[in-house]
Amino acid sequence: MNASTPLPEPLLHAPFTVRDVEKAGLTRSRLRSRDVVGVRPGVYAPADRMPHPVGLAQAVARTDPHAVICSVTAARWMGVRLPQRFQTEEAVRIARTDGRDRSRRRWIIASTASYRPGEVLMRDGVRVTTPARTFLDLARVLSEEELIIAGDGLICAHRHGPLAGRPPLCTLDQLREIVQPHSGDRGVRRCRTALERLRVGSDSAPETVLRLRLEEFGITGLLLDVRIDCPDGGTVLPDLWHEEARLSIQYDGVHHSDPAQISRDVERNRRTRAAGAEELRIMHRDMTTEVVFRGQRVIRAVQLVVEAIEARIGSRGW
2 MNASTPLPEP
12 LLHAPFTVRD
22 VEKAGLTRSR
32 LRSRDVVGVR
42 PGVYAPADRM
52 PHPVGLAQAV
62 ARTDPHAVIC
72 SVTAARWMGV
82 RLPQRFQTEE
92 AVRIARTDGR
102 DRSRRRWIIA
112 STASYRPGEV
122 LMRDGVRVTT
132 PARTFLDLAR
142 VLSEEELIIA
152 GDGLICAHRH
162 GPLAGRPPLC
172 TLDQLREIVQ
182 PHSGDRGVRR
192 CRTALERLRV
202 GSDSAPETVL
212 RLRLEEFGIT
222 GLLLDVRIDC
232 PDGGTVLPDL
242 WHEEARLSIQ
252 YDGVHHSDPA
262 QISRDVERNR
272 RTRAAGAEEL
282 RIMHRDMTTE
292 VVFRGQRVIR
302 AVQLVVEAIE
312 ARIGSRGW
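Quick note, this note's numbering runs 1 ahead of the 1-based positions in the sequence shown.
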């Protein structure tokens, strides 16, 4: 097969190895064609297509027994909540456990690392850091708030609703345990600070940010993963719940503009009122618009929540 012959379909959409080429019936000489680029020794990709970082990391790890997919790349593979700059990062992050190859090449950020038992697992035939160890590694590249958002996603679990019983990627105890033997490592102090502010039950990054902003303003008593039983036998699942005020705080993202979702939201509000509670809907714009409230510059959502609480119970040290 010469260079003008198109690559087979399986090799067009992901990085591939020499073994993949041979299994496709091609010779190694095909790898010298202009439409193929070498990513690293033994790993190749179509020259006109940027390989997806997770797929590239898997290909690299399959060819190197000392490679561990780690940090941002491991987090993306797990679906961890990351800031936009890392959701679109083109390079992959690979740690080697033999002390070699600490360099940066095209598409690859390599480092060296040593791992304790239980910090690396096998997934799809390659080594990747566990969710807890990934959290520890993320502390080196994320801000404290970004780390809290990621951590809330890792430990997210529910006792109520359609997601009840689904296991989290890891538990809060596992995150605490991963930090203990790494005292003095870079990022550990940030981990410890973030761990104090993690909460189980946050379904999205905006929900975590909303909770953090309310706590920073001084709002206490906010609960997650609460079920409100309604007179008609139905239930309401608030994103955040203030028990004393019986206030259900719901964050409505973009999908809440769908007609079917609008209908469900109306029913939810009616059920909330029937249960003797009040619903406050927070929109995306409330999270991005700043106002001056009580002498502080805050997002508008904070003002709305404070006013809703005070409308129900007055200013009683919330």
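The set of hints was computed from the structure by calculation and includes no laboratory data.
Where is the CB? At the ideal position from N, CA and C, for every residue including glycine.
Incorrect hints may appear among the rest.
[Unchecked claim] The following label-pair restraints were derived from C-beta to C-beta distances: (1) T290 x H53: 13 to 23 Å; (2) M123 x L32: 25 to 35 Å; (3) S112 x R177: 51 to 61 Å; (4) G56 x Q181: 42 to 52 Å; (5) R86 x S205: 38 to 48 Å; (6) G296 x S112: 41 to 51 Å.
Each hint tested on the structure:
1. T290 x H53: 13 to 23 Å: violated (35 Å)
2. M123 x L32: 25 to 35 Å: About 28 Å separates the Cβ atoms of M123 and L32, which means 25 to 35 Å holds.
3. S112 x R177: 51 to 61 Å: violated (25 Å)
4. G56 x Q181: 42 to 52 Å: violated (34 Å)
5. R86 x S205: 38 to 48 Å: violated (18 Å)
6. G296 x S112: 41 to 51 Å: holds (46 Å)
Hint compliance for this structure: hints 1, 3, 4, 5 are not met, and every other hint is.
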